[in-house]
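**Student:** Based on these hints, arrange chain A on the given structure of chain V.
Sequence lines, in order, name chains V and A.
Counting in our numbering, the first sequence runs from 1 upward without gaps.
Counting in our numbering, the second sequence runs from 1 upward without gaps.
Since the hints were derived computationally from the structure, they do not count as laboratory data.
The beta carbon of each residue, even a glycine, is placed where N, CA and C say it ideally should be.
Misleading hints may appear alongside valid ones.
Claimed, not checked - Calculated cross-link-like contacts (lysine to aspartate or glutamate; reagent style EDC-like; alpha-carbon spacing at most 20 angstroms):
(1) Lys-60/V x Glu-86/A
(2) Lys-112/V x Asp-107/A
(3) Lys-77/V x Glu-63/V
(4) Lys-104/V x Asp-107/A
(5) Lys-7/A x Glu-42/V
(6) Lys-104/V x Glu-54/A
(7) Lys-109/V x Glu-54/A
(8) Lys-7/A x Asp-107/A
(9) Lys-104/V x Glu-58/A
To be verified - Just some of the chain V residues that point at chain A, by a computed CB distance under 7 angstroms:
(10) Phe-34
(11) Tyr-39
(12) Glu-42
(13) Gly-43
(14) Leu-44
(15) Leu-46
(16) Lys-49
(17) Lys-68
(18) Glu-103
(19) Leu-105
(20) Lys-109
(21) Gly-110
Unchecked claim - Away from chain V, derived, C-beta distances all over 12 angstroms, residues of chain A:
(22) Ile-4
(23) Arg-15
(24) Ser-27
(25) Gln-28
(26) Met-31
(27) Ile-63
(28) Pro-67
(29) Glu-86
(30) Cys-93
(31) His-104
(32) Gly-108
(33) Ile-113
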Amino acid sequence: GDSVTQMEGPVTLSEEAFLTINCTYTATGYPSLFWYVQYPGEGLQLLLKATKADDKGSNKGFEATYRKETTSFHLEKGSVQVSDSAVYFCALTPLHITQGGSEKLVFGKGTKLTVNP
Amino acid sequence: SAVISQKPSRDICQRGTSLTIQCQVDSQVTMMFWYRQQPGQSLTLIATANQGSEATYESGFVIDKFPISRPNLTFSTLTVSNMSPEDSSIYLCSVGAGRYQPQHFGDGTRLSIL
Numbered sequence: 001g002d003s004v005t006q007m008e009g010p011v012t013l014s015e016e017a018f019l020t021i022n023c024t025y026t027a028t029g030y031p032s033l034f035w036y037v038q039y040p041g042e043g044l045q046l047l048l049k050a051t052k053a054d055d056k057g058s059n060k061g062f063e064a065t066y067r068k069e070t071t072s073f074h075l076e077k078g079s080v081q082v083s084d085s086a087v088y089f090c091a092l093t094p095l096h097i098t099q100g101g102s103e104k105l106v107f108g109k110g111t112k113l114t115v116n117p
Numbered sequence: 001s002a003v004i005s006q007k008p009s010r011d012i013c014q015r016g017t018s019l020t021i022q023c024q025v026d027s028q029v030t031m032m033f034w035y036r037q038q039p040g041q042s043l044t045l046i047a048t049a050n051q052g053s054e055a056t057y058e059s060g061f062v063i064d065k066f067p068i069s070r071p072n073l074t075f076s077t078l079t080v081s082n083m084s085p086e087d088s089s090i091y092l093c094s095v096g097a098g099r100y101q102p103q104h105f106g107d108g109t110r111l112s113i114l
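So here's chain V without its partners, still in its complex pose:
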């Protein structure tokens, strides 16, 4: 079935460090891919999205590129801030060509990021 695999956390960085959180997926057809962020004590917020191969999603300095050849959607940021400390979830909505697609979100396990001053 459809699944998302994220790098294990937690990840601890110093302010202004470079961030990469790896995400790979397994899906039939052409899923849409998302990164969500959950700040402490809050719900999920959409961070960025990509709906087709080679699309690059970007927001708040974060970027991720939809790589169909490697089935990956790695999250990157060039210089993290303390305020980026949160849990990051990679997710997909499956699209099965023969079944017409689905809006169900499939989440990875989440990666907790802590940025120290």
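**Tutor:** Just chain A now, kept in the frame of chain V:
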């Protein structure tokens, strides 16, 4: 994007009781979803709720335990029935804007069962 309000934001309940969580959206939406996030875990879809039809439950979730109502295009409720400590989780509702579009989430209901 839609503004989603969930009530209550948190609650502490006794074993064996039931709690109904409300989800209100500021615009009409076709699809609403209910997720569970157990402590330190990822999100798992409980069910999809469309207005005017029965909710569709995911494997491992049943209507008797998690009855859902969807009376109109802006509102839904999830009831957690006959609660046990294993039901202690964050319950989140989300709304979908259509295929290929992201879902947007409420702030969640943090539920603890003693």
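**Student:** Lys-104/V and Asp-107/A: Cα distance at most 20 angstroms?
**Tutor:** 19 angstroms, holds
**Student:** Would you settle whether the hint for Gly-110/V is holds or violated, based on the nearest Cβ-Cβ distance to chain A being less than 7 angstroms?
**Tutor:** 5 angstroms, holds
**Student:** Run the distance test for Lys-7/A versus Asp-107/A: straight-line Cα separation, threshold 20 angstroms.
**Tutor:** 9 angstroms, holds
**Student:** When you check the alpha-carbon spacing of Lys-60/V and Glu-86/A, does it fall within 20 angstroms?
**Tutor:** 37 angstroms, violated
**Student:** Quick one: work out the minimum CB distance from Cys-93/A to chain V and report holds if it exceeds 12 angstroms, violated otherwise.
**Tutor:** The claim breaks: Cys-93/A does not keep its Cβ more than 12 angstroms from every Cβ of chain V (closest is about 9 angstroms).
**Student:** Below or equal to 20 angstroms on CA atoms is what counts here, so check Lys-77/V against Glu-63/V.
**Tutor:** Roughly 6 angstroms separates the two Cα atoms, so the pair holds.
**Student:** How about Leu-105/V: closest beta carbon in chain A under 7 angstroms, or not?
**Tutor:** 6 angstroms, holds
**Student:** When the nearest CB of chain A is found for Glu-103/V, is that gap smaller than 7 angstroms?
**Tutor:** Given a least distance of 5 angstroms, the restraint on Glu-103/V holds.
**Student:** Does Ile-4/A sit more than 12 angstroms from chain V, CB to CB?
**Tutor:** 8 angstroms, violated
**Student:** Using Cβ atoms only, decide whether Tyr-39/V comes closer than 7 angstroms to chain A, and label the hint accordingly.
**Tutor:** With Cβ-Cβ at 10 angstroms, over 7 angstroms, it is violated.
**Student:** Can Lys-109/V be said to touch chain A, with a Cβ gap under 7 angstroms?
**Tutor:** Where the cut-off is 7 angstroms and the nearest Cβ of chain A is about 5 angstroms from Lys-109/V, the hint holds.
**Student:** Answer holds if the nearest beta-carbon of chain A is closer than 7 angstroms to that of Leu-46/V; otherwise answer violated.
**Tutor:** It holds, given that the least Cβ distance between Leu-46/V and chain A is near 5 angstroms, below 7 angstroms.
Figure legend: structure checked against the earlier numbered hints; hints not met, in rising order: 1, 7, 11, 17, 22, 26, 30, 31 and 32.
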